[in-house]
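A.B. asks: Here is what each chain is made of, one letter per residue.
6 protein chains.
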Amino acid sequence: MPSLSEIVTACDQVTNRSSIQDFPGANNGLQIENNGEVTKIGAAVDAGIVPFEKAIEAGVDFLIVHHGLFWNTPERYTDVLYRKLKLAMDHNLAVYSSHLPLDAHQEIGNNRLLAKAIGLEPEDWFLPFEGTPIALLAKAPESRDVLKTRLQEEFKDGMTALEFGSQSPKRVAILTGSGRSALSCLRENDTDTLITGELRQEHFNLAQEERFNLYLCGHYATERYGVTALAGQMASKFQIPSHFIQTSCPL
Amino acid sequence: MPSLSEIVTACDQVTNRSSIQDFPGANNGLQIENNGEVTKIGAAVDAGIVPFEKAIEAGVDFLIVHHGLFWNTPERYTDVLYRKLKLAMDHNLAVYSSHLPLDAHQEIGNNRLLAKAIGLEPEDWFLPFEGTPIALLAKAPESRDVLKTRLQEEFKDGMTALEFGSQSPKRVAILTGSGRSALSCLRENDTDTLITGELRQEHFNLAQEERFNLYLCGHYATERYGVTALAGQMASKFQIPSHFIQTSCPL
Amino acid sequence: MPSLSEIVTACDQVTNRSSIQDFPGANNGLQIENNGEVTKIGAAVDAGIVPFEKAIEAGVDFLIVHHGLFWNTPERYTDVLYRKLKLAMDHNLAVYSSHLPLDAHQEIGNNRLLAKAIGLEPEDWFLPFEGTPIALLAKAPESRDVLKTRLQEEFKDGMTALEFGSQSPKRVAILTGSGRSALSCLRENDTDTLITGELRQEHFNLAQEERFNLYLCGHYATERYGVTALAGQMASKFQIPSHFIQTSCPL
Amino acid sequence: MPSLSEIVTACDQVTNRSSIQDFPGANNGLQIENNGEVTKIGAAVDAGIVPFEKAIEAGVDFLIVHHGLFWNTPERYTDVLYRKLKLAMDHNLAVYSSHLPLDAHQEIGNNRLLAKAIGLEPEDWFLPFEGTPIALLAKAPESRDVLKTRLQEEFKDGMTALEFGSQSPKRVAILTGSGRSALSCLRENDTDTLITGELRQEHFNLAQEERFNLYLCGHYATERYGVTALAGQMASKFQIPSHFIQTSCPL
Amino acid sequence: MPSLSEIVTACDQVTNRSSIQDFPGANNGLQIENNGEVTKIGAAVDAGIVPFEKAIEAGVDFLIVHHGLFWNTPERYTDVLYRKLKLAMDHNLAVYSSHLPLDAHQEIGNNRLLAKAIGLEPEDWFLPFEGTPIALLAKAPESRDVLKTRLQEEFKDGMTALEFGSQSPKRVAILTGSGRSALSCLRENDTDTLITGELRQEHFNLAQEERFNLYLCGHYATERYGVTALAGQMASKFQIPSHFIQTSCPL
Amino acid sequence: MPSLSEIVTACDQVTNRSSIQDFPGANNGLQIENNGEVTKIGAAVDAGIVPFEKAIEAGVDFLIVHHGLFWNTPERYTDVLYRKLKLAMDHNLAVYSSHLPLDAHQEIGNNRLLAKAIGLEPEDWFLPFEGTPIALLAKAPESRDVLKTRLQEEFKDGMTALEFGSQSPKRVAILTGSGRSALSCLRENDTDTLITGELRQEHFNLAQEERFNLYLCGHYATERYGVTALAGQMASKFQIPSHFIQTSCPL
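Protein chains in written order, with this note's numbering: chain A, 2 to 252; chain B, 2 to 252; chain C, 2 to 252; chain D, 2 to 252; chain E, 2 to 252; chain F, 2 to 252.
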């Protein structure tokens, strides 16, 4: 049975935590301690109170999340935050967060695993954030139609296609979660086609004007890969069970 | 046949342009001049090149839009912007933009007309932006289920319901377009239920934790009302035809 | 036995919490919830782990502090912060913080009570912070020597006198805690004499150049009054015991 | 007959556009497109409506300017800006702007050509802006009087001499346009003498106190060199005519 | 013979110093003390070392200036600043600075006295800086030509006329010193004609595009009026001589 | 007898002035000129009017200080600043300031000399400010008690010990003056023990929570070493006398 510090160290190493700079508020790494022992690993996209409840119900005491607890500065330990922290502390639930390190990871990152799920070969990475490229470029399938079909199969709960670009792009860009930051870099990376999680209404007009193909597959849906893979790796390394905490998020 | 300056003055007055402060970049009012004469009015949500083309095809020479041309600072008159401006200038298309004035308007604003479309009575306004409240509070129908049904009828192209709040809210908040800014003000306005256009993935977790009912009806879909109504009013006042420029925007 | 919300409401009202703006990070009001019941009130200057331990030992479940938990933004619930929050939550300790409201209060504020302790009559208030004057002006005793003697009696653990001003000032300024912000406002308030908690080395030279009398009585020592008085008032109002949590802070 | 893109590429290369950082708002490079063909090149200091009119009258369809269109963010396409853009678009006038690249250029830059015009040999460059030195140091003639005489001959429309420095400086600094930024760097470059375009009234006192020789030859007058030379080079390379658009600017 | 504090108080009152906010760095009021006695008053535009020398030579011990000593933060008392301060202190020269108060003054301000000098009647004030209008509107003479002739007579050392506006403006704006801030407010004040001290090269193009008449009469030349008038008033009030310190500033 | 410029150059070299970046306002180097000759060197911690008077009384004409004249921007040469500058200028007193260069110096810096005074051997430096480490790490004596005794002997006017760390630390950190910036770097430098000049009240709680040993020996008292040593070195190099200007500063 691993200690908390062993598993945290292993997660830090696998994700290269110390060498990847993230947005302010990401605070990658251990975000809530526990009593020092870990028996079961969970994976969730969000560090919300419902995922905490489900994790505890499932016997998890080390929860890996993609979106941690500090995007908004805590101002009081009352109401939801009081209940959330007390819940975790009362049930010995440690929480570990890994954001960009699990987008950018070349083996177990969200972009890489999404590419794999739809059968695309990685060609290159782009869109460096403070030195770490966080978006993937993959060889396109024979046509836009084939690509769309594969995405519809992978994302059965819904996918929105804005198809104003070429019918047979050579390469496809992939940026899970919010795709906003990739848009202005598509052309300079020789592509007009992006698979992403979510965009805003203003990008429909942009797609029309700039002649892009944009596939919106859900922020939540495109970011389940990384945490699941990291939890699985840890489970196997330390010989303990792991478990994905599903929520019904349609966004 | 009205002159451009007559119709601009009339639009400014009806929308109270000069007394409503908007976000930097909104630049409400006339955004592209023409030769000074107006024969047909168009209405569109976005000032994009496709709406411009459709407007010109329809013979429009005065186009009212909700999202104007200056959200991003122009840096060069080349590529899309060159073609867009040349298109307008070559075809004598004037463009008039009205953003918050057409959200906040108590008769022809987006919020008010959405409420009307689903049969809700306005009770109050909230969420002041630099002094102008931009969101509506309406008396709720008998239950959340009734509300949802009406929304599904009005927004046939798709509506997402995140229902974690009360089953019979007393009041309903309405903020068309992006609903983000309203979320932290719901409780202090005695409601847990918001009808809006779009939100981000992080708000799913918020809805779960704060126990909100959130209805996402599309940013584009919820903002067609105001420009259409203003164009209609102007058409009737100046005895010229008007026309809504539809696009296929699903966001 | 009062409920947590009753006692929080009472504290808010007595201290005029909602109408007094404080420094970012002060977050006056309830900072940690408990199970909703209060049986014993504590008062401490700092929301530190040692005061928490002493409060719990003394059976306190509602601790009033002057310096709360949010001056530095929490970034992780690990190490000291984990232990501190878990300690409070495990022992049902609620924490209520009141900073400027307990400096500026005209009856139970630190400045007013310090003046009382050394027998000075208030004349006026000055140094408005966002509208609330936070420093006191009092009628001076017959001479600087008398003042010094009284301070030595009140602050037995040590007081530093920098006496470069007049021997018989007419008025004395009082600003408990850090006196820095009052220095540039002394002359315009017709005084050259300040009683405060702590200053920095650079203010010795300032005192020599500007010919001030500065009495440094300890930041901690000058700020015990307000929390003690508020705790006492609450204890008496709700008929439960109260207790001052002492630390050995010499600064 | 060159295409627009050929001539733009040639201008970019000759001026090293991509490797020279300029002030925000300079936006060096193509600023207004045309139909893609170029038959005659113009050169002007300012991208004003009068230079546009004169260029069109002269048959120019590719105008090189030193001060482009984006120093102030456009907020509406109305009034002067509407007329200016429509004028250019209706008459197929492309506009290309080159600011610091045409000050700093070691062969066809303003500083270098001014030095040449008055018979001075370059010695060195100084005053780096984001890595590119933008001011020239030249060997001085035998005396200040000789220098002044040569400047009076070159700048017949008027030159202002503020002579409080040495009578026989060894080196002369040259910074065309506004000389303000060079003033604090003269001494460390072993000179007290600056030839520039314009300065402000406060610099008269500075010249007296710091004992400088300052020669103000006109912002406009000192910046005609670069655009003329670039236009000439392009004309000769692509075998089409070129033309300098003169205005009566006395500043 | 007045004391320094009497004359400073009188200057403060006449110029309404305490109620007029100025740019950071103006520091209106007494800027260098002396031994407390004043026997002769001087007036100069700039607080430079040459005006100081001339003032001392003339026996002045109270020098009124328009541009004081603090526009640039002093960083060391060495070189020019050492010599300048030592000069003033060794010769008992007090320095009093008054900037916007002497532009905006309705009787002895620069704008008002310039208007008087060319025979124009004030109609209104505009261009408020933090509440104080600093530019004048006057009734125009019969034509632009008459105006120009009068300016040429008043400013014999040179005046630059940029005449692109109407030939017979109804009103004339006056802003001594730098006229930049007035340009965008001319039209809304029903004028296209400005008399000022200095502008920058970019304003030539602006004048052409916006069809303005701009008369540049010299920053120094247009700001001699106010200090001279204040010195004269003080001289007469306190029965001591006064003296204007001329420099050869052509800007 | 050295010239002013010789001794300034020597001080600059010994302290590596040009290569050490300091806080804005430090302005290391010559801060007040004199007539160019130096006969006696003084050393003081603060550039105050009392140290100036004492220096002049002692015949000093070159005063080395640690805290110079520019921490607060001068706004007028009146009152204290007038008297201070006039005093220096009238008595030919030059002032030279050296702040971080005299903290960080590996031979005559405050940290190094304090370590020497209590018999500690330097091991390393830490806490880089813009590239220059400004705090020292030394080998600890056998126990915390021995360290405390030595400090009590060296700082006879008073020392405050906050002892919540280990009883036998291996290394001791030293940062003279204000120790605030060193606190968050102690653990990563393998120590829990800091000798410094002054801290604030909030650091008492920090010491308790983080389990530090903090020894507060006085900001003034810990920063007398460097100026004294530099003055001594200069005196011996140029064969003129030197003198330490003592004040009674207890902070």
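Any given hint might turn out to be false.
No distinction is drawn between identical chains; accordingly, a pair holds when it is met within one copy or between any pair of copies.
[To be verified] Restricting the straight-line Cα-Cα distance to at most 20 Å, the calculated cross-link-like pairs of lysine to aspartate or glutamate (EDC-like) are:
#, residue 1, residue 2
1, 149, 203
2, 55, 210
3, 157, 131
4, 85, 210
5, 87, 211
6, 157, 125
7, 85, 203
8, 87, 210
9, 171, 146
10, 55, 203
11, 55, 164
12, 87, 76
13, 87, 38
14, 87, 154
15, 55, 211
16, 85, 58
17, 85, 211
18, 171, 211
19, 171, 124
20, 238, 7
21, 87, 54
22, 238, 164
23, 87, 191
24, 140, 203
Hints were generated in silico from the structure; no laboratory data involved.
A.B. asks: All the hints need checking, so say for each whether the structure fits it.
C.D. replies: Each hint, compared with the structure:
Within a single copy, residue 149 and residue 203 get their C-alpha atoms no closer than 22 Å, and across copies no closer than 26 Å, so neither meets the 20 Å cut-off. Only between protomers do residue 55 and residue 210 lie at most 20 Å apart by alpha-carbon distance; the minimum there is 14 Å, versus 44 Å within a single protomer. In this homomeric assembly, residue 157 and residue 131 never come within 20 Å of each other (Cα to Cα): the closest approach is 34 Å inside a single copy and 43 Å across copies. Taking the shortest alpha-carbon separations for residue 85 and residue 210, only the inter-copy value of 9 Å comes in at or below 20 Å, while the best intra-copy value is 45 Å.
In this homomeric assembly, residue 87 and residue 211 come within 20 Å of each other (Cα to Cα) only across copies, at 17 Å, whereas the closest approach inside a single copy is 50 Å. Neither within a single protomer nor between protomers do residue 157 and residue 125 lie at most 20 Å apart by alpha-carbon distance, with minima of 27 Å and 41 Å respectively. Within a single copy, residue 85 and residue 203 get their C-alpha atoms only as close as 35 Å, which misses the 20 Å cut-off; across copies the closest is 17 Å, which meets it. Taking the shortest alpha-carbon separations for residue 87 and residue 210, only the inter-copy value of 15 Å comes in at or below 20 Å, while the best intra-copy value is 50 Å.
With identical chains, the CA atoms of residue 171 and residue 146 are at most 20 Å apart within one copy only, with a shortest distance of 13 Å there and 47 Å across copies. With identical chains, the CA atoms of residue 55 and residue 203 are at most 20 Å apart between copies only, with a shortest distance of 18 Å across copies and 36 Å within one. Within a single copy, residue 55 and residue 164 get their C-alpha atoms only as close as 38 Å, which misses the 20 Å cut-off; across copies the closest is 19 Å, which meets it. Within a single copy, residue 87 and residue 76 get their C-alpha atoms as close as 16 Å, and across copies as close as 17 Å, so both meet the 20 Å cut-off.
In this assembly of identical chains, the alpha carbons of residue 87 and residue 38 lie at most 20 Å apart whether taken from the same copy (18 Å) or from different copies (17 Å). Taking the shortest alpha-carbon separations for residue 87 and residue 154, neither the intra-copy value of 40 Å nor the inter-copy value of 43 Å comes in at or below 20 Å. Taking CA atoms no more than 20 Å apart as the test, residue 55 paired with residue 211 passes between copies only; the shortest distance there is 17 Å, against 44 Å inside one copy. Proximity of residue 85 to residue 58 under the C-alpha cut-off of 20 Å is restricted to the intra-copy arrangement: shortest distance 14 Å within a copy versus 26 Å between copies.
For a Cα distance limit of 20 Å, the shortest separation of residue 85 from residue 211 across copies, 12 Å, qualifies, whereas the shortest one inside one copy, 44 Å, does not. With identical chains, the CA atoms of residue 171 and residue 211 are at most 20 Å apart within one copy only, with a shortest distance of 17 Å there and 45 Å across copies. Within a single copy, residue 171 and residue 124 get their C-alpha atoms as close as 11 Å, which meets the 20 Å cut-off; across copies the closest is 52 Å, which misses it. For a Cα distance limit of 20 Å, the shortest separation of residue 238 from residue 7 inside one copy, 11 Å, qualifies, whereas the shortest one across copies, 52 Å, does not.
For the identical chains of this complex, residue 87 and residue 54 are neighbours both inside a copy (11 Å) and across copies (18 Å), given an alpha-carbon limit of 20 Å. Taking identical chains as interchangeable, the C-alpha atoms of residue 238 and residue 164 are never at most 20 Å apart, the minima being 43 Å within one chain and 40 Å between chains. Taking the closest pair of Cα atoms, residue 87 and residue 191 never come within 20 Å of each other, the shortest separation being 50 Å inside a single copy and 27 Å across copies. With identical chains, the CA atoms of residue 140 and residue 203 are never at most 20 Å apart, being 28 Å at best within one copy and 31 Å at best between copies.
Going through the hint list in order, the structure does not satisfy hints 1, 3, 6, 14, 22, 23 and 24.
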